[in-house]
Amino acid sequence: MKNDGFKSPLRSRRGAVGGRPLRVRENMGYQVFLVVNTIIMILISAATLYPFLYLVSQSLSSEKAIVSGHVGLIPKGFNFDTYKFVLSKGDFLGYYKNTLIYTFVGTVLSLIFSSMLAYPLSKTELKVVKFLTPFIIFTMYFGGGLIPNYVLVVRLGLKNTMAAFILPMMISTYYVLLMKSFFAGTPKDLEEAGELDGLNKFGVFVRIVLPLSKPIIATMTLFYACMYWNNWYQAFLYLRKEKWPVAYYLQTIIRGQGANDPDAQQVATNIKSCSMVLTVLPIICVYPFIQKYYVQGMMLGGVKE
Amino acid sequence: MKKKSIVSLSLAASMMLGMTACSGSETTAGSTTTIPDQIETTAPDASQEDQKSLGYEYGLGKTFHADEKVTYTIFFSDASWYPMVDTWKTEGIFKKIEDLTNVHLDIISYDSNDYMNNVTLDINAGEAAYIIPKIYDDSAFVDGGAIVPASDYVQYMPYFVDFYNTYNMSPDIKTITRSNGKYYKFPGMLEAQALNYTFVIRQDIFEAAGVDVASMEADWTWEDLLEALKTVKAYMVSQGMCKETDYIWSDLWCGNESGQGNGGNLLKVMGITYDVNAGWAIADGMRYDQDKDEWYFSPTTDEYKAFLEMAAKFVNEGILDPETFIQDDTEATNKFYNGQTVIMSMNQSQFAPCKQNCEEMLGAGNYELYLTIPPRSTLYNYSTAGNVRLENGVMVSQKALDELGEDGFIEMIRFVDWLFYSPEAYTLCKWGVEGETFEYTADGGKKLLDGMYCGGLGYGMPEGADGIDIRLQWGYAGGNYFYGHTIAEMSDNYIPEIKHMVESNTANREIPPLAPGIAPTEDQNEEITLIATPLIDEVNTWTLWFVTGQKDVSKDWDAFVAACEGKNCQGLVDLYNKIYKG
Chain A
1 MKNDGFKSPL
11 RSRRGAVGGR
21 PLRVRENMGY
31 QVFLVVNTII
41 MILISAATLY
51 PFLYLVSQSL
61 SSEKAIVSGH
71 VGLIPKGFNF
81 DTYKFVLSKG
91 DFLGYYKNTL
101 IYTFVGTVLS
111 LIFSSMLAYP
121 LSKTELKVVK
131 FLTPFIIFTM
141 YFGGGLIPNY
151 VLVVRLGLKN
161 TMAAFILPMM
171 ISTYYVLLMK
181 SFFAGTPKDL
191 EEAGELDGLN
201 KFGVFVRIVL
211 PLSKPIIATM
221 TLFYACMYWN
231 NWYQAFLYLR
241 KEKWPVAYYL
251 QTIIRGQGAN
261 DPDAQQVATN
271 IKSCSMVLTV
281 LPIICVYPFI
291 QKYYVQGMML
301 GGVKE
Chain B
1001 MKKKSIVSLS
1011 LAASMMLGMT
1021 ACSGSETTAG
1031 STTTIPDQIE
1041 TTAPDASQED
1051 QKSLGYEYGL
1061 GKTFHADEKV
1071 TYTIFFSDAS
1081 WYPMVDTWKT
1091 EGIFKKIEDL
1101 TNVHLDIISY
1111 DSNDYMNNVT
1121 LDINAGEAAY
1131 IIPKIYDDSA
1141 FVDGGAIVPA
1151 SDYVQYMPYF
1161 VDFYNTYNMS
1171 PDIKTITRSN
1181 GKYYKFPGML
1191 EAQALNYTFV
1201 IRQDIFEAAG
1211 VDVASMEADW
1221 TWEDLLEALK
1231 TVKAYMVSQG
1241 MCKETDYIWS
1251 DLWCGNESGQ
1261 GNGGNLLKVM
1271 GITYDVNAGW
1281 AIADGMRYDQ
1291 DKDEWYFSPT
1301 TDEYKAFLEM
1311 AAKFVNEGIL
1321 DPETFIQDDT
1331 EATNKFYNGQ
1341 TVIMSMNQSQ
1351 FAPCKQNCEE
1361 MLGAGNYELY
1371 LTIPPRSTLY
1381 NYSTAGNVRL
1391 ENGVMVSQKA
1401 LDELGEDGFI
1411 EMIRFVDWLF
1421 YSPEAYTLCK
1431 WGVEGETFEY
1441 TADGGKKLLD
1451 GMYCGGLGYG
1461 MPEGADGIDI
1471 RLQWGYAGGN
1481 YFYGHTIAEM
1491 SDNYIPEIKH
1501 MVESNTANRE
1511 IPPLAPGIAP
1521 TEDQNEEITL
1531 IATPLIDEVN
1541 TWTLWFVTGQ
1551 KDVSKDWDAF
1561 VAACEGKNCQ
1571 GLVDLYNKIY
1581 KG
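Chains as they are written, first to last, in the numbering used here: chain A, 1 to 305; chain B, 1001 to 1582.
Errors might be hidden in some of the hints.
[What the hints assert, rightly or not] Straight-line C-alpha distance at most 25 Å; calculated SDA-like pairs for lysine to any residue:
hint : chain 1 : residue 1 : chain 2 : residue 2
1    : B       : LYS1305   : B       : GLU1317
2    : B       : LYS1096   : A       : ALA184
3    : A       : LYS123    : A       : ASP189
4    : B       : LYS1134   : A       : LYS64
5    : A       : LYS64     : B       : GLN1340
6    : B       : LYS1134   : A       : ASP189
7    : B       : LYS1134   : A       : PHE33
8    : A       : LYS241    : A       : GLN251
9    : A       : LYS243    : B       : HIS1104
10   : A       : LYS241    : B       : ALA1352
11   : A       : LYS97     : B       : ASP1114
12   : A       : LYS241    : B       : THR1087
13   : B       : LYS1134   : A       : PHE113
14   : B       : LYS1089   : B       : LEU1404
15   : A       : LYS76     : B       : ASP1224
16   : B       : LYS1230   : B       : CYS1242
17   : A       : LYS241    : B       : CYS1242
18   : A       : LYS159    : A       : ASP91
19   : B       : LYS1578   : B       : TRP1557
20   : A       : LYS64     : B       : ASP1328
21   : A       : LYS64     : B       : GLU1331
22   : A       : LYS201    : A       : TRP229
23   : A       : LYS76     : B       : TYR1367
24   : B       : LYS1243   : B       : LYS1096
25   : B       : LYS1355   : A       : HIS70
26   : B       : LYS1581   : B       : VAL1388
27   : A       : LYS89     : A       : ILE283
28   : B       : LYS1089   : A       : LEU237
29   : A       : LYS84     : B       : GLY1210
30   : A       : LYS64     : B       : ASP1114
31   : B       : LYS1095   : A       : VAL154
32   : B       : LYS1399   : B       : GLU1068
33   : A       : LYS159    : B       : ASP1114
34   : B       : LYS1292   : B       : LYS1578
35   : B       : LYS1230   : B       : THR1087
[Claimed, not checked] Computed footprint of chain A on chain B; a stretch qualifies when at least three of its residues, placed anywhere within it, have a C-beta under 8 Å from a C-beta of chain A:
hint : region
36   : 1100–1113
37   : 1176–1190
38   : 1286–1300
39   : 1430–1440
For the record, the hints were derived by calculation from the structure and aren't laboratory data. Bear in mind that the values here come from a model prediction, so they are computed numbers and not experimental data. C-beta: ideal position from N, C-alpha, C; glycine also.
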């Protein structure tokens, strides 16, 4: 961004002239704004954090303390028994393993096929692109519908296989369009230079374009991985119990009692909380390091130079 | 421009064709058959000679057995709180069924929360299993052609016919009969309704406050219950057990999760005692007047007004927590288990877990529970168990008929008959195998063998005990394969508290008269839904306003009635009576 000469009050406060801090007298209104703003931000942060911290607290508390309503942000009857129980119980780890496999395999396949679709689409000189792009965009808004998709997967013999979980969402049109926009920005001269040096189109894509596209690859990795990690719908449609991902298992234990069957019995609250914490933990751990890519990802392709 | 006209014409033509196709559905309702008072068995003679040529044995008092092993696909609703494990197939219920009948069940299992969604999807996609158990509402499948009308095949089912004829099920079956005179599921049939949903109270606190529910319940009204709870609360306040501002009733199955925005179980139970539709039983609000032989909209009646006034009193008097109608079920149970509240909705299957939770939370000897029967209203003395003697049932798919052929299909139907209607299969599915899991007592009752437990039958394993839960281990006493049957069969596992509650209800309450069924066509069904959906939303909203004190029944009743009229409740009444009177 070019410097347009505008100096925000913050920059004035921290800016320096001749090596000395520049002290601009801040007016009262701005100080009030800062205080109010900070308070609002703290409140929003607290409101966002509270449910998660409460969940962690519940997962570390005894069931008796939870039922008594004594558990707040500080665990009561502190113990790791619930974690030991959940992690030693075959079910949870099995579903967790499934999720890891689906996420890894799904993300790799999605990246390969999405990028291989996006690259040719970025070449406007190809005649087929004119026809293909609207055709692909059309699928963003119109689908076959639930029953035809279900019949397709079942008749292909994919029901209750990993493919049923991954294939139907392997290529996201929106992500393909983001990648297409990014690839379109690759300097043509570099590609032509590669071709002059003897590379074919695929070689140009693999050896020149992809190495230059690390930001979009990183962003898409994140997007696809999150999509597979959180997805439960394909499991609901196509997978039997032993192949469920952990997200669907979570759903079933959280909904264990109530809405559909009053005869249902409740899964203990601390077990639910513990399962939820363990499920979101990887995302929570990784997110601070990669969250900038989320923002960048949304901007990619949206801004033209 | 010309191009546009052609496109428009084509579109219009295709729409006309579509509409013609749609309107055809009403005429395909088919010839109307009547539901007989008694069913004649038209099956071939079940003599040994005939059965040899059939390739399987069947008949009343006999175990179905196929000479050659057959495999039938069957859906299974898998509950997360007692999930199916391999031992069910290798040594438990499915193995025993196979040993007895030579029928291998190929189980297609879905989580119980999503069971109906998955089953609906499979049926609509033409991927249905042959046998489809645990169906409460079959209306979504009637017109699709994927389900075989059950009524076309009942004559081949000796156990079904025997129960139907013995207990005069004809009036009940008529309530599920469609406009073409057929019914599409083999329903669970009960000899009589046993009270299931009621209230559990903290007997120790009631007694300490000087309230003896056991002696009152035979004839107590909702007013009596309110007075009793006020006395109990006064006692609790005086003992420092709660504050004057606290509520001592925060009910279960009425809020976010189970209440479905209509007040759930509490308003249903209370509504039945006033002869109105409310809570879980609101449906489309329509009720049948036996004297006038016509249908009416119950939420605008004086009985409904009286019901609302009574329900609102519990909140106004500081007894019933208005959060009852918005809280999660867990919040309600937690308040009861830790002693904050003294009364809560309860059903037969949840009573054992409730006792176990109280034991853990309050400690043995620190509490006493009593299952009371619901109070009556000042207008009627109706049993809240209701009067329809049917429950969820089994459908069979057209796919089975197509793939097995008529003879193979009838063979399967006879297996279904044995599995769902024979006393032998009922006992197997509920109690397991005699000598392995249970034994008969001297008085002809049943009891689990030493070391065997079953939370599903009310005999949960105590903490630290060394034993086997026959439901968790082998799949007996699950919810898929036993429902209905005789009072003796239904009550053979009752623990004393439940037995007392059911008997007290039977002795002290009257069975409400059975309303006749109506058989709307597909179009009429749609019309009913179109009127009833917004209308009932309105009724539920107003009902909860009245009950929680946001509106005053005495002041706002007319506005409520006007709102219902504005949503065309009279149109619904007219439509119902038109269908009923043909």
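Structure-based check of all given hints:
1. B/LYS1305 with B/GLU1317: holds, 18 Å
2. B/LYS1096 with A/ALA184: violated, 66 Å
3. A/LYS123 with A/ASP189: holds, 14 Å
4. B/LYS1134 with A/LYS64: violated, 35 Å
5. A/LYS64 with B/GLN1340: Holds, at about 14 Å.
6. B/LYS1134 with A/ASP189: violated, 67 Å
7. B/LYS1134 with A/PHE33: violated, 61 Å
8. A/LYS241 with A/GLN251: holds, 13 Å
9. A/LYS243 with B/HIS1104: Holds - the C-alpha atoms of B/HIS1104 and A/LYS243 are around 24 Å apart, at most 25 Å.
10. A/LYS241 with B/ALA1352: This hinted pair is violated, its Cα atoms lying about 28 Å apart.
11. A/LYS97 with B/ASP1114: Between A/LYS97 and B/ASP1114 the Cα gap is close to 23 Å, so the pair holds against 25 Å.
12. A/LYS241 with B/THR1087: holds, 16 Å
13. B/LYS1134 with A/PHE113: violated, 43 Å
14. B/LYS1089 with B/LEU1404: holds, 24 Å
15. A/LYS76 with B/ASP1224: violated, 41 Å
16. B/LYS1230 with B/CYS1242: At roughly 13 Å apart (the allowed maximum being 25 Å), B/CYS1242 and B/LYS1230 satisfy the hint.
17. A/LYS241 with B/CYS1242: violated, 46 Å
18. A/LYS159 with A/ASP91: holds, 21 Å
19. B/LYS1578 with B/TRP1557: Between B/LYS1578 and B/TRP1557 the Cα gap is close to 28 Å, so the pair fails against 25 Å, i.e. violated.
20. A/LYS64 with B/ASP1328: Given that 25 Å is the threshold and the Cα spacing comes to 18 Å, the pair holds.
21. A/LYS64 with B/GLU1331: Roughly 13 Å separates the two Cα atoms, so the pair holds.
22. A/LYS201 with A/TRP229: Violated, at roughly 34 Å.
23. A/LYS76 with B/TYR1367: holds, 24 Å
24. B/LYS1243 with B/LYS1096: violated, 57 Å
25. B/LYS1355 with A/HIS70: Roughly 21 Å separates the two Cα atoms, so the pair holds.
26. B/LYS1581 with B/VAL1388: holds, 21 Å
27. A/LYS89 with A/ILE283: This hinted pair holds, its Cα atoms lying about 22 Å apart.
28. B/LYS1089 with A/LEU237: holds, 24 Å
29. A/LYS84 with B/GLY1210: Status violated; Cα separation ~47 Å.
30. A/LYS64 with B/ASP1114: violated, 30 Å
31. B/LYS1095 with A/VAL154: violated, 28 Å
32. B/LYS1399 with B/GLU1068: holds, 21 Å
33. A/LYS159 with B/ASP1114: holds, 17 Å
34. B/LYS1292 with B/LYS1578: Distance ~14 Å between B/LYS1292 and B/LYS1578 Cα, so the pair holds.
35. B/LYS1230 with B/THR1087: violated, 52 Å
36. 1100–1113: Since 4 is at least three, the answer is holds.
37. 1176–1190: violated (count 0)
38. 1286–1300: violated (count 0)
39. 1430–1440: violated (count 0)
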